[in-house]
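Mind docking chain B on chain A? Use the hints.
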Amino acid sequence: MLKLPPKMEKILLLVHGEGLREVDVAKKLGVSRQAISKSIRDGVGRLSQIFLEVAEILNADIIRVNLRKGYAIFKDRQLNIKIYVFYIPEKGVRILFRDNIECNSEGLRSLCIDIVKAAKKWGIIKKDKGKSDINEVLQEIIKIIEA
Amino acid sequence: MCFTVGILLLVAGISDVMAPIIVAIGFIMGLLSVGKDVKVSEGLFELKYGFSVAVIKYAIKNVVDVFNINSLSRGKLVKYFKYHLFIFSLIIALPIIYLVIKGFYPNLAYLPFLFLPVFLGVILQLYMSFTAESYRKLISKLTIAPSTAWDSVGFVVGATYREYYGQSLFSNITATTLYFIGTLLLAVSTIVLLSILSKHHIVIIETSNNKFYAIGTSTPSDAEELLRLILKEVVGYVETSA
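Protein chains in written order, with the working numbering: chain A, 1 to 147; chain B, 148 to 389.
Any given hint could turn out to be false.
FRET-style restraints, in silico, Cβ to Cβ [claimed, not checked]:
#: 1; chain 1: B; residue 1: Y360; chain 2: A; residue 2: E53; range: 23 to 31 Å
#: 2; chain 1: A; residue 1: I125; chain 2: B; residue 2: V181; range: 38 to 46 Å
#: 3; chain 1: B; residue 1: S180; chain 2: A; residue 2: E136; range: 39 to 47 Å
#: 4; chain 1: A; residue 1: K127; chain 2: B; residue 2: F174; range: 51 to 59 Å
#: 5; chain 1: A; residue 1: L2; chain 2: B; residue 2: L376; range: 19 to 27 Å
#: 6; chain 1: A; residue 1: P6; chain 2: B; residue 2: V181; range: 43 to 51 Å
#: 7; chain 1: B; residue 1: I243; chain 2: A; residue 2: E136; range: 40 to 48 Å
#: 8; chain 1: A; residue 1: D114; chain 2: B; residue 2: A171; range: 57 to 65 Å
#: 9; chain 1: A; residue 1: S132; chain 2: B; residue 2: A361; range: 30 to 38 Å
#: 10; chain 1: B; residue 1: K358; chain 2: A; residue 2: V31; range: 24 to 32 Å
#: 11; chain 1: B; residue 1: D184; chain 2: A; residue 2: E90; range: 41 to 49 Å
#: 12; chain 1: B; residue 1: D369; chain 2: A; residue 2: P5; range: 31 to 39 Å
#: 13; chain 1: B; residue 1: I172; chain 2: A; residue 2: K127; range: 49 to 57 Å
A short list of chain B residues far from chain A (calculated; beta carbon distances all over 12 Å) [said to hold, decoys possible]:
#: 14; residue: A166
#: 15; residue: I168
#: 16; residue: K183
#: 17; residue: F228
#: 18; residue: Y230
#: 19; residue: F233
#: 20; residue: I243
#: 21; residue: L255
#: 22; residue: Q272
#: 23; residue: L273
#: 24; residue: L316
#: 25; residue: I320
#: 26; residue: I328
#: 27; residue: L341
#: 28; residue: K346
For the record, the hints were derived by calculation from the structure and aren't laboratory data.
Being a predicted model, the structure only gives us computed values, none of them experimental.
Don't be surprised by glycine CBs; every beta carbon is placed ideally from N, CA and C.
This is chain A alone, in the form it adopts within the complex (with noise of 0.2 Å):
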């Protein structure tokens, strides 16, 4: 199944995501240190797995996988276009072609929502960011993880 158990992926949004030190997110959750490095262990080790998973269901060529912030980039090997893969707090990974960039459509909005959505709760750009065109901070999120 491409998705995180929801206490992990919890811990890794809280530590990765909002940069809470692992001390302060046992506090937080009444766990011990221990559990929450062994848990953004696993949860990294995980996600690994699931982009690995996914990359093979494309079959595509990996170019990055980002386990801090919950991102990949592929390349798919027959169409030689570029596939941007974001795990979605809550609802697994969701999949953009380099085509299809444009969130102008119903179906591609809600999809571009999502991943503006997760590219904030990842801390991929700032939580702030959203007031203006979906279509450009979209862009601009591309352009942060091909750098």
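Then chain B, alone, in the frame of chain A:
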């Protein structure tokens, strides 16, 4: 770097003993930096360097980001390895600093030697700043520029030597030898460097304590294989062993 300093010491006549020692140190450091082996075991990614025996070892664990920087559309090595930019700037500046401090024109036969670090430094700095995919097209176009520059340096030295020294370059065996070694080094290093920079792919690994490691691979498929190996055997190890 050591080669440049050594040659400059020799050219400046500061020390005949130190120059070969510094060049030798550079040569040894070059041998030490040759990749020997890559080992993956129990969640550890081990890099071994040294020729012919592995002397330097790096053990990498807790990987959080791994990528082929040459395949990113905005990938820049300088973002992760700022210190190298300073080294390359120093390589470029050394011959100029030397000329300014000494305040004289060196023998024209040394010109290819002085031009070599400047040229290599510029190419490496450009590569550090524009590592992305699109740079590969630019680098093939740039090949024309160094070839032209190299021919120009050779032409200038040959044409002006008699004018300055009142004799042909070939009448002085030391000057002729140095001139040919310099131009040969310039040509060989240009070809080697451009071939490496335009074909090789660099994989960057970031660990949870914000350390970056760069591994050069021969082809994009080698880079892809390395990325998969790291993700499966290093990052995924915790999961399978838990």
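List of violated hint numbers, smallest to largest: none
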